[in-house]
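Asks: Next come the chains, spelled out residue by residue.
Number of protein chains: 2
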Amino acid sequence: MGVFPEQRVSVITVGVRDLAGMIRFYTDVLGFEDRGVKGEVAFFNAGGMVIGLWDETKLAADAGVADDRKGAFKGFALAFNARSTDEVDEIFSRLGRAGAQISKPPHKTYWGGYSGYFTDPEGNAWEVAHNPFWPIDEAGRVAVPLAKEQ
Amino acid sequence: MGVFPEQRVSVITVGVRDLAGMIRFYTDVLGFEDRGVKGEVAFFNAGGMVIGLWDETKLAADAGVADDRKGAFKGFALAFNARSTDEVDEIFSRLGRAGAQISKPPHKTYWGGYSGYFTDPEGNAWEVAHNPFWPIDEAGRVAVPLAKEQ
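Residue numbers (the numbering used here), protein chains in the order written: chain A, 166 to 315; chain B, 166 to 315.
Be aware that one or more of the hints could be misleading.
Quick list of in silico lysine-lysine cross-link-like pairs, BS3-like style, CA-CA up to 27 Å [stated by the list, open to error]: (1) A:LYS223 x B:LYS269; (2) A:LYS273 x B:LYS223; (3) A:LYS223 x B:LYS273; (4) B:LYS273 x A:LYS269; (5) A:LYS223 x A:LYS203; (6) B:LYS203 x A:LYS273; (7) B:LYS223 x B:LYS203; (8) B:LYS203 x A:LYS203.
Not everything, but these chain A residues come out facing chain B in the computed CB check (under 7 Å) [to be verified]: (9) ARG173; (10) SER175; (11) ALA242; (12) GLY305.
None of these hints come from the bench; they were simulated from the model.
Cβ coordinates follow ideal geometry from the N, Cα and C atoms, glycine included.
Working from the sequences, and respecting the hints, build out all of it.
Replies: Structure, rendered in structure tokens:
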């Protein structure tokens, strides 16, 4: 057994510079409901796990790590797996109408899926993908099959 | 309705510099099972969502964003919500035995929980927390109650 008693992740907390602006994007554009402490931190339910938005300097201090990485791309990406290619297109249409930055329009990918990327106001990368090899259950839970099952 | 038809996140992909070393940590230490394409990318089932490890430069290129942020802390944190303070302590004992870097030992937090942090080999922050205000169901899914319900 590894360190964790169950193989799961509960929260992804994104360090932000403009908390109010980031909360507006995640609520008004992406449609998440803010359940955090207003003005301090935002928490969004995200299908059994949680997305948090919190001041980047406070997050670094809380985590006991140095906040020494400057620039836009933080070296991670979030993804929303859609149920069809049509759903991917619909999401990008909505993103376009919402004025979101689309860094890569949806396209057929080399791995057999269909995907595009947008960035949130601070350059964090979000992929919206249809992956025909990864089943999504009714509740929206995605599961990666074993490579040999693909 | 926001951009997404369902309020969830499917994948967090962490950009990495030493893929093999990072996969060893996530499999041998954390206990995730690698379901990705060996040597190319790692995917770990994580309770209805997925953690991915992928070369940071390729991730940036794939996302269509500039890879211009240098340093250790990437401005985000993952969290594992444990079911008790004892479970938090047990996890940190295992982390210690595994030689993981503990950036903040477990302690009572200002928000009424119990939490500590460790970092993976590239400085990405993982929190292990017991949050008595966030229920966890049998399947390990965490849900944030409305602030007024807390």
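Asks: Of the hints given before, which are not true for this structure?
Replies: 4 and 8
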